[in-house]
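Quick note: the sequence shown uses our numbering, first residue 1, plus one each step.
It is possible that some hints are incorrect.
[Said to hold, decoys possible] The list that follows gives simulated cross-link-like pairs (lysine-lysine, DSSO-like), each with its CA atoms no further than 27 Å apart:
{"id": "1", "residue 1": "LYS68", "residue 2": "LYS96"}
{"id": "2", "residue 1": "LYS96", "residue 2": "LYS75"}
{"id": "3", "residue 1": "LYS57", "residue 2": "LYS75"}
{"id": "4", "residue 1": "LYS68", "residue 2": "LYS109"}
{"id": "5", "residue 1": "LYS57", "residue 2": "LYS96"}
{"id": "6", "residue 1": "LYS57", "residue 2": "LYS109"}
{"id": "7", "residue 1": "LYS75", "residue 2": "LYS109"}
{"id": "8", "residue 1": "LYS96", "residue 2": "LYS109"}
[Stated by the list, open to error] Label-pair restraints from in silico Cβ distances:
{"id": "9", "residue 1": "VAL61", "residue 2": "THR106", "range": "15 to 23 Å"}
{"id": "10", "residue 1": "GLN41", "residue 2": "LEU78", "range": "28 to 36 Å"}
{"id": "11", "residue 1": "VAL50", "residue 2": "VAL107", "range": "15 to 23 Å"}
Honestly, the hints are just simulated from the structure, not real lab data. Glycine included, C-beta positions come from ideal geometry on N, C-alpha and C.
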Amino acid sequence: MFRCPIPRAARLIAFAVIWSLGRGVRAQEPPRELSGTVVDQQHEPLRGAVVQVRDDKTQQVMSFITDKTGHYDFKRLLGGEDYDFWATYRGHRSHKRHLGMFDSQTVTKVNLAIRLQ
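Using the sequences and the accompanying hints, generate a full structural model.
Structure representation (structure tokens):
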């Protein structure tokens with residue numbers, strides 16, 4: 001009968017280290033970017049609208065205030081994560097949108113509309 005010269009505990013530790021290193025490599029997805037424009041029902045850009053992005057896993061919320069052209073831009077969102085996002089302006093809110101972890105695009109452009117009436 002063959003006996004391995006490495007004790008069982010050492011083999012288990014080595015396996016655990018190799019397994020965790022492999023998980024870390026796979027988890028490093030390329031960062032993503034989400035941008036677009038917030039407009040009203042007449043397609044006019046909304047300066048000062050607040051666009052919020054919520055990480056579904058951590059529930060962390062990031063915010064961006066649109067510029068004079070209604071533009072927003074979130075850079076370096078973690079790849080491999082799900083996000084919900086929406087815009088608000090003077091008490092009105094757009095529909096909630098979703099950016100899924102399986103979306104292979106690294107740059108996503110989504111325009112958001114807010115009905116003010």
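Okay, the hints, checked on the actual structure:
no. : hint                         : result
1   : LYS68 <-> LYS96              : holds, 22 Å
2   : LYS96 <-> LYS75              : holds, 19 Å
3   : LYS57 <-> LYS75              : holds, 18 Å
4   : LYS68 <-> LYS109             : holds, 18 Å
5   : LYS57 <-> LYS96              : holds, 17 Å
6   : LYS57 <-> LYS109             : holds, 22 Å
7   : LYS75 <-> LYS109             : holds, 12 Å
8   : LYS96 <-> LYS109             : holds, 15 Å
9   : VAL61 <-> THR106: 15 to 23 Å : holds, 22 Å
10  : GLN41 <-> LEU78: 28 to 36 Å  : holds, 33 Å
11  : VAL50 <-> VAL107: 15 to 23 Å : holds, 22 Å
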